[in-house]
Amino acid sequence: MQNGFMLLSFGSLSLVYITMILGVYLSSVHQSLSCSEWPLCPNGFLKPPEQRYVVEYFHRIFVIFTAGAIYATSIFAYAKVKTMKRLTLLATIVVSIQILIGALVVTKKLDIMIVTAHLPIGVALFGITLLVFLRYRKDYLTSVNNGTSGNLD
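Counting from 1, position 36 in the sequence shown corresponds to residue 18 in the working numbering; the numbering is continuous, with no gaps.
Treat the hints loosely; a few may be bogus.
Have a look at the derived ranges for each label pair, beta carbon to beta carbon [claimed, not checked]:
1) LYS64 / LEU123: 49 to 59 Å
2) SER125 / PRO24: 26 to 36 Å
3) TYR(-1) / ILE83: 12 to 22 Å
4) PRO30 / ARG117: 33 to 43 Å
5) VAL126 / VAL11: 39 to 49 Å
6) THR65 / PRO30: 18 to 28 Å
7) SER78 / SER(-4): 15 to 25 Å
8) ILE0 / PRO102: 16 to 26 Å
9) ALA54 / VAL6: 24 to 34 Å
10) ILE94 / LEU123: 37 to 47 Å
11) ILE79 / SER18: 40 to 50 Å
Pairs of lysine-lysine residues, derived as DSS-like cross-links and limited to a Cα-Cα distance of at most 25 Å, are as follows [as the list claims (entries may be wrong)]:
12) LYS120 / LYS62
13) LYS29 / LYS64
14) LYS67 / LYS120
Hint data in this document are derived by calculation from the structure and do not stem from the laboratory.
The beta-carbon is built from N, C-alpha and C at its ideal position, and this holds for glycine as well.
Please put together the full structure from these sequences, using the hints given.
Structural data, given as structure tokens:
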């Protein structure tokens, strides 16, 4: 059970990182508004994207998986790992805010104030998911060394 939470929290952390890298790449190649509709690009999610917005398409797909992983981590924490409830709740709040800010980035046509807020919130989310993983890993390793690995609740 504990390894499941560790894998889920590491998966969330990894997805946040990949999503951030895709977002930074998207911005660096000046394709941030290649798909100016939100939340779906013109072809939707089931049809292959047109070449001109393939990076933005994948960024949005990764956002869905990332948010899902973070929400699942929080639900898992509430059900099984009580010591991580607050930190995972914070991650769910921050990812929800980040999605709303991301929607505003697109709908407000790259307004500089909104774009400027989007990256640091993403960095904060990365930091929070990193803390979730590292704190749980530390607690898990400590409990294994003490012979109390079943008592992480």
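**Q.** Pair hint LYS120 and LYS62, alpha-carbon separation not exceeding 25 Å
**A.** holds (17 Å)
(Q) Holds or violated: the 18 to 28 Å window for the beta-carbon distance between THR65 and PRO30? (A) violated (44 Å)
(Q) Verify the CB-CB distance for PRO30 and ARG117 against the hinted window 33 to 43 Å. (A) holds (41 Å)
Q | Hint consistency between LYS29 and LYS64 [alpha-carbon to alpha-carbon, up to 25 Å] | A | Distance of about 41 Å is beyond 25 Å: violated.
Q) CB of LYS64 to CB of LEU123, is that within 49 to 59 Å? A) violated (18 Å)
Q. Cβ-Cβ distance between SER78 and SER(-4): within 15 to 25 Å?
A. With Cβ atoms ~20 Å apart, the hint holds.
Q.
Just to be sure I understand the hint, the distance between the Cβ atoms of ALA54 and VAL6 should be within 24 to 34 Å; is that true here?
A. For VAL6 against ALA54, whose Cβ atoms are near 25 Å apart, the range 24 to 34 Å holds.
(Q) Looking only at beta-carbon atoms, does the pair ILE94, LEU123 fall within the given range of 37 to 47 Å? (A) holds (44 Å)
Q. Has the hinted range 16 to 26 Å been met by the Cβ atoms of ILE0 and PRO102?
A. For PRO102 against ILE0, whose Cβ atoms are near 18 Å apart, the range 16 to 26 Å holds.
**Q.** Proposed proximity, LYS120 with LYS67 (alpha carbon, max 25 Å)
**A.** Holds - the C-alpha atoms of LYS120 and LYS67 are around 16 Å apart, at most 25 Å.
Q. CB of ILE79 to CB of SER18, is that within 40 to 50 Å?
A. Check failed, 22 Å falls outside 40 to 50 Å.
Q: Given the hint of 26 to 36 Å, check if SER125 and PRO24 actually sit that far apart at their C-beta atoms.
A: For SER125 and PRO24 the Cβ distance comes to about 51 Å; the hint is violated.
Hint check: violations occur at hints 1, 2, 6, 11 and 13; the rest are consistent with the structure.
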